[in-house]
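From first to last, the protein sequence lines stand for chains W and V.
Just so you know, we're using our numbering here: the first sequence kicks off at 14 and counts up by one.
Just so you know, we're using our numbering here: the second sequence kicks off at 4 and counts up by one.
Calculated directly from the structure, the hints in this document are not laboratory data.
Model, not experiment: these values are computed from the prediction.
Be aware that one or more of the hints could be misleading.
[What the hints assert, rightly or not] Calculated cross-link-like contacts (lysine-lysine; reagent style DSS-like; alpha-carbon spacing at most 30 Å):
{"no.": "1", "chain 1": "V", "residue 1": "Lys346", "chain 2": "V", "residue 2": "Lys363"}
{"no.": "2", "chain 1": "V", "residue 1": "Lys374", "chain 2": "W", "residue 2": "Lys96"}
{"no.": "3", "chain 1": "V", "residue 1": "Lys374", "chain 2": "W", "residue 2": "Lys40"}
Next come the chains, spelled out residue by residue.
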Amino acid sequence: MMSKAVISEIHRRIAEAFNVFDNESSKSVDVREVGTIIRSLGCFPSEAELHEMIAEVEEEEPTGYIRFEKFLPAMTKVLMERKFRPIPKDVLIQAFEVLDQEKKGYLEAEELKKYMTQEGEPFSQDEVEEMLSAALDNKENVIFYKDLVSKMTFEDL
Amino acid sequence: MGCGATKSNELQAALLIQRWYRQYVARLEMRRRCTWHIFQSIEYAGEQDQIKLYNFFGYLMDHFTPANSERNLISHIFRENEICRDIEWERYFCYKNIEVPELYSGPHLSFPLTVSNVADLVEAFKNKQQLHTRYVLQLLLESWKLLRMLPNINQVSTCQTKEITICGDLHGHLEDLLLVFYKNGMPSVEKSYVFNGDFVDRGKDSIEILLILFAFMLLYPNNVHLNRGNHEDYIVNLRYGFTKEVLGKYRLHGKKILKLLQKIFSWLPLATVIDQKVLILHGGISDTTDLNIIAQADRHKVKSTSFLLIVDMLWSDPMPQDGCIPNEVRGGGCYWGPDVTEKVLRRHNLQLLIRSHECKQEGYEFCHNRKVLTIFSASNYYEVGSNRGAYIRLGPDLVPHFIQYQANRSTRELTLRQSVGETERSALRALREQLFAHKSDLLYAFQDYDTDNTGWISLKHWATAVEAVLRLGLPWRVLRSQLVTTTQDGMLDYQGWLRELPITEPKTESLLETMYKQRSNLETIFRIIDSDHSGLISFEEFRQTWKLLSSHLKMEISDEAILDMAVSIDFNKDGSIDINEFMEAFRLVDRTMNLPSEPNHTKTDE
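Based on the provided sequences and hints, a complete structural model is requested.
Shown next as structure tokens:
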């Protein structure tokens with residue numbers, strides 16, 4: 014049973030994140046930004062889970078915009094139920110180790126690219142290029158995934 | 004473990020990594036947006052101060068009666084507004100006595116200008132050379148003569164010139180102007196341009212941009228059109244860096260050049276209309292905008308009867324809701340809605356309004372059912388990587404085509420993370436300055452929440468208090484992790500946090516804090532008082548100014564407090580205050596005010 018104060022603080026956090034993308038103070042945001050908003054609040058949904066959530070908060074006749082009125086209760090539920098929890102560092106490293114079949118401690122650029130664009134919920138060309146440019150160790154053209162994970166982990170909100 | 008199991012493991016692993024990485028990118032994007040908001044809100048808050056200053060001087064001009072001891076100070080300030088005949092000004096600005104030495108290696112201009120003169124000029128500026136004062140004055144004088152003959156509203160037709168290119172704010176970013184010329188071609192009889200104001204301030208090459216634009220205007224008067232922006236104004240220039248730039252680059256004659264520019268700016272046309280269908284002006288409109296009235300105004304007069312209409316044209320911003328309300332964020336002009344756009348466009352049989360004035364991430368943006376188009380041409384405006392610039396090409400069909408760009412090759416090579424990092428660091432530094440300036444108020448606000456006097460408050464209360472004091476409308480909870488680094492169990496030692504805001508501890512705390520808050524205003528006023536631009540003002544002038552400002556802003560400052568502070572800052576014993584040393588006392592590092600350090604600052608170009 015959550016206290017009123019806690020809930021109102023959650024509401025404020027959601028409103029702030031929403032408003033960052035609500036440029037015209039119209040109380041609605043472009044549907045393409047909703048994923049960013051949800052993730053910035055500390056959630057780690059998969060693309061499928063994201064689409065499910067969007068379907069929930071969309072208008073009956075989709076307008077391309079999501080209204081705050083509908084977003085707030087859905088998002089509050091997500092935060093209170095602690096859905097889409099973060100991925101612990103060690104689990105993430107294990108995932109890289111699965112892909113690193115030869116247990117080298119690193120992945121070649123081409124290897125990672127192949128997995129990211131062909132498996133799971135594939136990345137677009139842009140997404141994978143961006144990831145590689147950030148992840149690649151320039152001198153050796155490989156990705157030391159343990160370092161990468163450390164570099165790209167944010168503190169919990 | 005068979006093939007099938009391995010495959011499914013790989014799938015799971017890939018899914019996990021993708022899920023994690025997308026979250027990371029989203030966090031970065033959020034930070035980038037917040038950074039943007041920070042810059043914008045601080046920028047507009049600064050402009051508010053600017054308008055307050057205007058109102059202050061306007062008030063003085065209207066109500067001043069020279070009966071008291073402030074007489075000398077005021078007449079000092081308003082000497083500039085004496086009405087003199089143009090003939091006298093032309094004598095004052097005479098360049099004929101200024102010799103160009105043999106050693107001068109910059110471009111030589113002859114009048115009337117030729118195509119190769121102007122090409123040389125652009126090339127010289129590309130190579131970081133400076134134009135000699137003699138040529139600067141000559142060029143400006145010729146420009147002034149031309150501008151005085153232009154109407155308030157330029158009428159342009161595409162049938163004469165085929166396509167027209169429209170550029171927005173440049174703000175001293177020479178590399179952006181050069182990039183536009185490179186991509187689009189330089190102005191010519193075949194290639195018309197409209198430059199929509201805000202050529203100067205903030206960037207470091209404002210004077211070079213002006214000289215290039217005026218040179219092209221003189222060369223192709225029917226093809227190059229300049230609209231005035233709110234930064235083409237000498238008081239704004241005192242605050243935002245153009246004055247400083249000119250005085251730094253032209254130490255001997257800078258003052259004269261600035262004086263001439265003051266006149267030139269007041270003569271810049273206010274708008275351009277293409278094919279009687281597309282209206283181009285810098286800021287925007289209001290519900291009282293009437294182009295017929297504006298066409299009749301004396302645009303160069305400081306207090307013309309259409310003064311407010313003109314302010315609206317240079318300062319307003321569009322808003323999504325219907326209506327027309329005062330622009331409190333900027334402090335001047337208004338916010339106008341789609342209904343006003345409809346009304347004004349219909350009144351004058353127009354189909355599109357093109358304006359600038361607001362920085363846009365993509366360099367351009369439509370609003371009001373695509374009837375209003377914002378175009379902004381200074382890329383990396385807030386910081387490297389903050390935004391792209393853009394320009395518009397308009398043909399006889401009057402359908403706008405956009406070309407975007409970003410100066411500084413290396414921004415494209417930065418990863419998303421790196422470019423967010425750079426900009427963010429800069430924004431956070433600016434934000435910490437704001438926090439520091441409000442230290443006392445913040446302390447009171449925090450203490451309000453700390454009823455048991457423990458020295459600790461919750462992060463929730465921190466966010467609420469900070470917004471209540473600063474009123475910048477920023478997402479403080481989102482920004483919290485960047486501004487508050489040490490907490491215990493969700494609680495913050497607020498006095499410790501305030502102490503850590505990384506600026507020096509002032510001795511007379513509340514007075515210096517107040518001055519710090521007002522430092523932009525102070526600097527502007529100092530520069531106005533220092534009308535001979537010597538960098539020195541008398542102690543008495545300083546005291547009077549401070550008293551004037553404080554009474555206008557309703558602050559209480561005693562003479563003893565001012566004297567104490569003077570002593571602690573250690574002014575020269577001859578009763579003169581060196582402005583630069585004084586401002587240095589606040590340890591300001593304002594990047595927009597930094598002049599480039601040229602390797603050979605030759606005296607030959609003076």
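For each hint, the structure was consulted:
1. V:Lys346 x V:Lys363: holds, 25 Å
2. V:Lys374 x W:Lys96: violated, 43 Å
3. V:Lys374 x W:Lys40: Holds. V:Lys374 to W:Lys40 sits at ~22 Å (cutoff 30 Å).
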